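Q: Produce the complete structure using the sequences and hints provided.
Taken in sequence, the protein lines are chains H and Y.
Mapping to the numbering used here: the first sequence position 88 is 88, numbers consecutive.
Mapping to the numbering used here: the second sequence position 134 is 1134, numbers consecutive.
It should be emphasised that the hints constitute simulated quantities derived from the structure, not laboratory data.
Computed from a prediction, not measured in an experiment: that's the story for all the values here.
Worth double-checking, as some hints may not be accurate.
One side of the interface only, derived from the structure: several residues of chain H facing chain Y at Cβ under 10 Å [to be verified]:
1) Cys-30
2) Asn-34
3) Thr-35
4) Gly-63
5) Gly-66
6) Glu-69
7) Pro-85
8) Arg-121
9) Asp-124
10) Tyr-125
11) Val-126
12) Ser-127
13) Arg-128
14) Cys-130
15) Gly-131
16) Thr-134
Straight-line distance between alpha carbons at most 30 Å, and here's what the computed DSS-like set of lysine-lysine pairs gives [as the list claims (entries may be wrong)]:
17) H:Lys-9 with Y:Lys-1057
18) H:Lys-9 with Y:Lys-1069
19) H:Lys-9 with Y:Lys-1033
20) Y:Lys-1056 with H:Lys-9
21) Y:Lys-1108 with H:Lys-9
C-beta: ideal position from N, C-alpha, C; glycine also.
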Amino acid sequence: MNLNINILKILLVLFVTITTLISCERDDICIEENTPYFIIRFYDVDNPEFFKSVADIKVELGGIDGFYEDNGLTISAFTDSIAIPVKVTEDITKFKLTVVKIDEDDNLYENNDTFELTYTRENDYVSRSCGYKTLYYDVNFNLEDDEDNWIKTIVPTEDPLNIVNQDAAHVKIYH
Amino acid sequence: MLKYIINIILLFISFLAISQETKVKDSIEDVYKDRYGIRLGIDIFQPIYSLFEEDKKGLEIVADYRVTKIFYAAAELGYNDVTTFEDYYNFTTNGSYIKLGADVNVYKNWIGMENIILVGLRYGFSIFDQTLNEGIINADPFLPEEELPDPVTYSGLNASWFSVVLGIKVEVLHNLFLGFSFSGNSLISSKEPENFKNLFIPGFNRVYVNNNGFSFNYTVSYLIPFYKK
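A: Shown next, in the form of structure tokens:
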């Protein structure tokens, strides 16, 4: 019995183990916070202390077809807050928020309001699996006037407003 | 695929070992005398691997020098040019490294044999560049994709680490050794690029979240004996 053969056997086992190890190296999952969403909290314009939900809100972004859907995470039939994405390709994003309101004759009707966010962008490295996220600084907004705005006022929660995390609402919308 | 090719090569090498059996027994004049000298070799894994993975190029030269019956001074010198692909971007690491340390042979040989099962320690140092080739911003898929700006190269980076090495060296032909070693690496220092991270370091390989990693080599080396004792 030659000892070299035994040693070579160990060598073989080690090698197979290692080749198996390197073939499953993509074990990182992105769990860190990525590009933050724009968080809006809805308040009652008559009782500014209180949240007031909106009914059947639909969100559209300027230049993008279709309504933004969020797997039911933030946008539901009846909600007092939403988190929506902000464009990472340009320094301006136009939002169209459509809600269901009741008119004087108790009829339901859809009312849409449009507002614009302008900001400066910065790309920030997060981690191996998450890559880069965009942060938005010096955010300004401008509500378009139509004859029947359901949004009465928009108030930022901080000044200047930066969207760099999702810890709290970024603006309060009174309606 | 590669795994099977290497395993087949191994199989042939084990036949080589069998054919050498008689020769080892013959060298009675060497009994009780060990050879001391320098052993020079090359890692054969990286050149073979780069045939299959164009994005992973590397070369490593290994050397050890026998100091006492069981102690060996050991060094590895190498070069890497490796592109790593992640979900949102890919980057190329380019640089050289040196590892210095010592091995202890924990294997008690039969008389006349000089095989090694080693436990070793290394200090590793690497100088390298990282190039972020291309990628996209990680944002909601509802948004149009934003590409990262043109490739950025971060130069003059360096890193150092400690390794614990486990390995084996077998004399398959007279003075010719076949070896395999595995090292667990732990980062000591890393000069990080701005707004990026050293995710791969030459000689250290992939840097895991906890700043640890592992590397290995598969070497063919030749012993140049200086004296016997």
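Q: None of the hints should be skipped; say for each whether it holds.
A: Status of each hint after checking the structure:
1. For the restraint placing Cys-30 (chain H) at the interface with chain Y, the shortest Cβ-Cβ distance is roughly 7 Å, inside the 10 Å limit, so the hint holds.
2. Against a cut-off of 10 Å between C-beta atoms, the interface hint on Asn-34 (chain H) holds, since the closest Cβ of chain Y lies about 5 Å away.
3. For Thr-35 (chain H), the interface hint holds, since its Cβ comes within 10 Å of a Cβ in chain Y; the closest pair sits about 4 Å apart.
4. Hint status for Gly-63 (chain H): holds, given a least beta-carbon distance of 8 Å to chain Y, under 10 Å.
5. Evaluation of the Gly-66 (chain H) hint against chain Y yields a held restraint, the C-beta minimum of about 8 Å falling below 10 Å.
6. For Glu-69 (chain H), the interface hint holds, the least distance from its beta-carbon to any beta-carbon of chain Y being 8 Å, beneath 10 Å.
7. For Pro-85 (chain H), the shortest C-beta to C-beta distance to chain Y is roughly 4 Å, which falls under 10 Å, so the interface hint holds.
8. About 9 Å separates the beta-carbon of Arg-121 (chain H) from the nearest beta-carbon of chain Y, less than 10 Å, and the hint is met.
9. For the restraint placing Asp-124 (chain H) at the interface with chain Y, the shortest Cβ-Cβ distance is roughly 7 Å, inside the 10 Å limit, so the hint holds.
10. Because the beta carbon of Tyr-125 (chain H) sits about 5 Å from the nearest beta carbon in chain Y, less than 10 Å, this interface hint is met.
11. Restraint check, Val-126 (chain H) versus chain Y: the minimum CB separation of about 7 Å is within 10 Å; hint holds.
12. Interface hint at Ser-127 (chain H): satisfied, since its Cβ lies 8 Å from the closest Cβ of chain Y, which is below the 10 Å cut-off.
13. A distance limit of 10 Å between C-beta atoms decides the matter here; for Arg-128 (chain H) the minimum to chain Y is near 5 Å, and the interface restraint holds.
14. Residue-level restraint check for Cys-130 (chain H) holds (minimum Cβ-Cβ distance to chain Y is 6 Å; threshold 10 Å).
15. A least Cβ separation of about 3 Å between Gly-131 (chain H) and chain Y falls short of the 10 Å threshold, and the interface hint therefore holds.
16. At its closest, the beta carbon of Thr-134 (chain H) sits 5 Å from a beta carbon of chain Y; the interface hint therefore holds under the 10 Å criterion.
17. With a C-alpha separation of about 28 Å, the suggested pair Lys-9 (chain H) and Lys-1057 (chain Y) falls inside the 30 Å cut-off, and the hint holds.
18. Between the alpha carbons of Lys-9 (chain H) and Lys-1069 (chain Y) the distance comes to roughly 25 Å, so the proposed pair stays at or under 30 Å and holds.
19. At roughly 27 Å between alpha-carbon atoms, Lys-9 (chain H) and Lys-1033 (chain Y) fall within 30 Å of each other, so this suggested pair holds.
20. As the CA atoms of Lys-1056 (chain Y) and Lys-9 (chain H) are separated by approximately 28 Å, the hinted pair is consistent with the 30 Å bound.
21. Between Lys-1108 (chain Y) and Lys-9 (chain H) the CA atoms are separated by roughly 17 Å; this keeps the pair inside 30 Å, and the hint holds.
Comparing the model with each earlier hint shows no violations; every hint is respected.
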